[in-house]
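**Student:** What follows is the residue order along each chain.
Number of protein chains: 4
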Amino acid sequence: MIKAGIIGATGYVGNELLRLLLRHPSVEVSGLRDVDSYEGKGYDSVYANYAEICNIKMTDQDTVIQNADVVFTCLPAGFSERIAINCLESGKMLIDLGSDMRIRDEDVNKEWYGIDRQRQDIIAQTVYSIPELHGQRLKSARIIANPGCYPTTAALALAPAVEQGLVDTKTIIIDSKSGVTGAGKGPTAETQYAEVNEAFRAYKIGQHRHIPEIEQILSDIAGSSVKVTFTPHLLPVNRGILSTVYAGLSSDLSQDELWDVYNDFYKDKRFVRILPQGMAANMKNVKYSNYCDISVHTDRRTGRLIVVSAIDNMVKGAAGQAIQNMNIALGLEESMGLDLIPPTF
Amino acid sequence: MIKAGIIGATGYVGNELLRLLLRHPSVEVSGLRDVDSYEGKGYDSVYANYAEICNIKMTDQDTVIQNADVVFTCLPAGFSERIAINCLESGKMLIDLGSDMRIRDEDVNKEWYGIDRQRQDIIAQTVYSIPELHGQRLKSARIIANPGCYPTTAALALAPAVEQGLVDTKTIIIDSKSGVTGAGKGPTAETQYAEVNEAFRAYKIGQHRHIPEIEQILSDIAGSSVKVTFTPHLLPVNRGILSTVYAGLSSDLSQDELWDVYNDFYKDKRFVRILPQGMAANMKNVKYSNYCDISVHTDRRTGRLIVVSAIDNMVKGAAGQAIQNMNIALGLEESMGLDLIPPTF
Amino acid sequence: MIKAGIIGATGYVGNELLRLLLRHPSVEVSGLRDVDSYEGKGYDSVYANYAEICNIKMTDQDTVIQNADVVFTCLPAGFSERIAINCLESGKMLIDLGSDMRIRDEDVNKEWYGIDRQRQDIIAQTVYSIPELHGQRLKSARIIANPGCYPTTAALALAPAVEQGLVDTKTIIIDSKSGVTGAGKGPTAETQYAEVNEAFRAYKIGQHRHIPEIEQILSDIAGSSVKVTFTPHLLPVNRGILSTVYAGLSSDLSQDELWDVYNDFYKDKRFVRILPQGMAANMKNVKYSNYCDISVHTDRRTGRLIVVSAIDNMVKGAAGQAIQNMNIALGLEESMGLDLIPPTF
Amino acid sequence: MIKAGIIGATGYVGNELLRLLLRHPSVEVSGLRDVDSYEGKGYDSVYANYAEICNIKMTDQDTVIQNADVVFTCLPAGFSERIAINCLESGKMLIDLGSDMRIRDEDVNKEWYGIDRQRQDIIAQTVYSIPELHGQRLKSARIIANPGCYPTTAALALAPAVEQGLVDTKTIIIDSKSGVTGAGKGPTAETQYAEVNEAFRAYKIGQHRHIPEIEQILSDIAGSSVKVTFTPHLLPVNRGILSTVYAGLSSDLSQDELWDVYNDFYKDKRFVRILPQGMAANMKNVKYSNYCDISVHTDRRTGRLIVVSAIDNMVKGAAGQAIQNMNIALGLEESMGLDLIPPTF
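Residue numbers (my numbering), protein chains in the order written: chain H, 1 to 345; chain Z, 1 to 345; chain A, 1 to 345; chain U, 1 to 345.
What the hints contain is simulated information worked out from the structure, not anything from laboratory work.
SDA-like mimics (lysine to any residue), calculated; alpha carbons at most 20 Å apart, straight line: (1) H/Lys41 with Z/Pro276; (2) Z/Lys227 with A/Arg301; (3) U/Lys41 with A/Pro276; (4) U/Lys204 with H/Ser254; (5) A/Lys269 with U/Asp44; (6) U/Lys227 with H/Asp168; (7) A/Lys267 with U/Glu52; (8) U/Lys227 with H/Thr302; (9) A/Lys139 with A/Glu334; (10) U/Lys227 with H/Arg301; (11) U/Lys110 with H/Arg301; (12) U/Lys170 with H/Ser250; (13) U/Lys41 with Z/Ala189; (14) Z/Lys41 with U/Ala189; (15) A/Lys204 with Z/Gly303; (16) Z/Lys204 with A/Leu275; (17) A/Lys227 with A/Gly206; (18) A/Lys269 with U/Glu52; (19) H/Lys170 with U/Gly248; (20) U/Lys267 with A/Ile53; (21) Z/Lys3 with Z/Asn86; (22) U/Lys3 with U/Thr59; (23) A/Lys227 with Z/Thr302; (24) U/Lys227 with H/Gly303; (25) U/Lys269 with A/Cys54; (26) Z/Lys57 with H/Ile341; (27) U/Lys204 with H/Arg301; (28) Z/Lys185 with U/Pro187; (29) Z/Lys185 with U/Ala189; (30) U/Lys41 with A/Leu275; (31) U/Lys227 with H/Ser250; (32) U/Lys3 with U/Thr63; (33) H/Lys170 with U/Leu249.
Note that the coordinates shown come from a computational prediction; the quantities given were computed from them, not determined experimentally.
Chain H with its partners taken away, still in its complex shape (with noise of 0.2 Å):
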């Protein structure tokens, strides 16, 4: 049984990724340590739907990491390089759900997140990967940065045509939606019940963190750089979200020839289901598991490939993807622990 241990255990992902790793099969969580102030406490005294399923009580970060093969961070901006440090100094691997380790360059990194990282070395060592790309990569990571859940959807979508140039890369937007769990569990005025429900806003307009993050991955694909214009929006429900993109077709492959490219591309893709054609992706259909759908599109009247990519936020966009990359990094199956059926209700 492999140990994992969490750090930051008691947030909305670190409390999602707990709920999977307590029914994975090779795994046995050795350790949580809190975000806030809830040392010494059980699990199920934070969390009342984990009463008589989980009373692991909650240590400091060193106990964690002693007592893990994986420890998972899933902390806010600023707090993961050090673990990293002493994760690779232990002998520990390092899942990082957090956004410290998963842009490369240093200058971008300083200017969209605004912080100083110490150690390049870290990050050179640091493996980025959406499973579904960068799965080849993880054999001998040590420290893998877990992707972003609106740069997963983006990706996912755009990667078979970027990758096969179909597509004008300079005309890439991502017009994406995500449920209110996205903005994490502290409380704050945006995110009370009467400001998010029978609302809708969009926010961040070009000035999301995720930016970079969707640029590094499409830019290293298409081996040039690629700039994406990005808008997030919040929706009012719990989980999910809903990428909808555009780009201009530089290729006249027809419908049905761009639908092939995109099965081909993730066919043997256990996690990516491209719908039958004349389908519109819904968020609906992969709640509570680790699917992403994608629906592919074209609008002949304006030269337009549409893809519509949709995830569990919280599954396939943080918690669940984490599993996939250690399963991966580890040797086991890519799918254990994630065998999910999304729900139809």
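We have chain H already, so just place chains Z, A and U on it with the hints.
**Tutor:** For chains Z, A and U alone, coordinates are given in the frame of chain H:
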């Protein structure tokens, strides 16, 4: 592996049952019969969330029965009795999630359901079971009547107090609130989004068909005829039932002692969780799981016991409880396939 | 034009009151005082929905009182008594939407609110008014205590039956369900979107501060001390309260006769609608309006009266009722400024 | 008083129109015609929220036309042309909230709606009007085509930039999100509560019938043919549309200057609110009102203009805009009966 067939697999309950059976470690789904007109189609062509998960083709009723060890029926009133006869003759176990065989008394059944049942011998052989209350009856059961969702919450909330004679059974009031999936899949004006969203209403006050079922259970426990006031309400949520149950205390046990009675009553029952004193049950904490959460309160000023119970109407209130009944009847671990952690959101 | 000032204008109740007063044909809003730290700012800088509608600058409390004919206070417990003294001395009418002056009995108030009121003479001069029940008291009122939201539903549902002696007042149970805005504007963990959405729970069972208020009203009507069991619940909707009220019938009036009693009792009351027999009250039908919808039911099997009442907690349960009280006290048409049609969705 | 009749009064749009007309100071509702089979019934028997508010009996179409000065039609495609002829002959003004007379070009109309219109002379006399863009056309209008909900948001968001030639009209992408009432009242599987709640999806990608309407408006403004990419999505809310509109900037105006262009363009328009820079439009801030909120953004990194516009689909997107058109056509104050403050929640 136990072969399980579902008749009525495309309704909401059948759909949820399939989801759970597909992940049950000792079950193989051997056949599906729709409730609509999908014969010959794959299940994933009806429910897009099952894409690449279940493409079992739907067949006719006889084929489903023939290929199964256990047949589950998820049908409207009036269809199950004949299937029960068929199953008995073919030596198949039947678990009926419908209402046809829940009420023992023929007159009572006629009065509330308006249906003439043909074979009182079938009803006599049927075992009605909420596992925590009637599990011991299941050992040699061939036909099992799975309880209604509302009665499950009411019976589990009241059983300890009624059995111990702690309340005046003439004073029982059950105020229940259910999510929309309780109404089933068929499109109706009443269950349209804009009718249910931002709305809340009572319905069938004192007239709901679950009343005789609740009274049958409580009368059995009390050893005398019990009548209850029952009011169901429709909540703007997909899943869940919460019942607030009132009864005049006929005992002068303290709040602590009452709480102990409930804890003792359910101490070996994996799926009933008695909440710590001071907490009140929340539907959210049992969603997508087979738990029933119960909180026990006393209103000393008015001499009443107040019990709040919460379940997921689709799991503990239907599909999960059916599997729990099957597990016990077949001598499997009671919780097999039901090891579900309620997600935090 | 009557000059109206609001103290506590940026809370949820103050906000709704402002919305209604701005469209009241005989009122001019003469001053606003925030509950936060917005002094000097325009109202539209706090609430973007008021852009180009209301940019009144918020001032201090004394200025608001000085410039007003009628002062409305929408404040947490403990702040209104001093303002009442100030208003009395300045010859201003005060309508308090808070709880400070609702309970007449000093000991009862102390027990439930934990506050020592200083001036029993102020309380003695205060007129508590649900207009349909106490409107005649308002003629020379200078200080008006506006009722709580839950008590409004409970009192209107029970008044006819209690006044006519049709129910046993020792058997009253009030099961209430409220939208989230009842909890006010301040961000809390409990009112975060993901905590409330797809959730439902009871809270403060037998301990809510509206209990003594309900008992005060019903005891006045009954002419003897009435105690009630009251359970509030939190609904995943923005607005509205629905209360399901139970009481043992002490009369053998038929369902038709009981319905007539309710119709007669409210026959001249514009804002109470007794539903046709066979219908049950729905929160949706009174949203954004000052109506209270009431449906009257009997459960003959158990000898109980069941009354369902529904209001918009922000209008009839707070701001609208305050204006209704003001209108009567000032000799205006009772419905002035309250001519609101509940939208269908 | 102007006598107004509604044909199609029991659909969602007709229902909302009635609500507004009943409070219009210069209008008397003179007749109603259902869309179902309610002839002879009172309106409140169909919609319980109208109890004691409107019991007008529904009559046949000819009676409604005969008794009215202005006839409003809220009907599915294909029914309005004949009514238009009838109104013209009877000297009645017609305001059509349906789609039959929006598209001028017969071939385009046939292509998208599949309907053969009989009388091109009727279409030629019809005035299509978004009041902020076409209000001056209304002076002698007898037949008015009221715009679609999506086109209203798209046109108001783009008109200033297109008119001033600030964007490349070949790069326009409109990503729209609508509440459920846009789909109308008829019960369908797709609009059941459990299908829409906690869900989000795109539909009719590049194929929605509002596309030619958007292109007609923009082509008129641009003075040349404009084609757009348009993707509608279904939001889990009752009301509202938010459109996020993208276009490549062909000008090097600064963000401040662009904002000024929008402010100038709408400076005398009561119902369009350009948000302060730094804010993004939120559907919540215009609910139950006739406002269109617009926020103007530039993405300098990619050279794009991003405009977010939000309306209430039932008010500014349908019934409110129809009244606004009527007011202007009849020489009334444009905002009469539309003086609605969007509630905060």
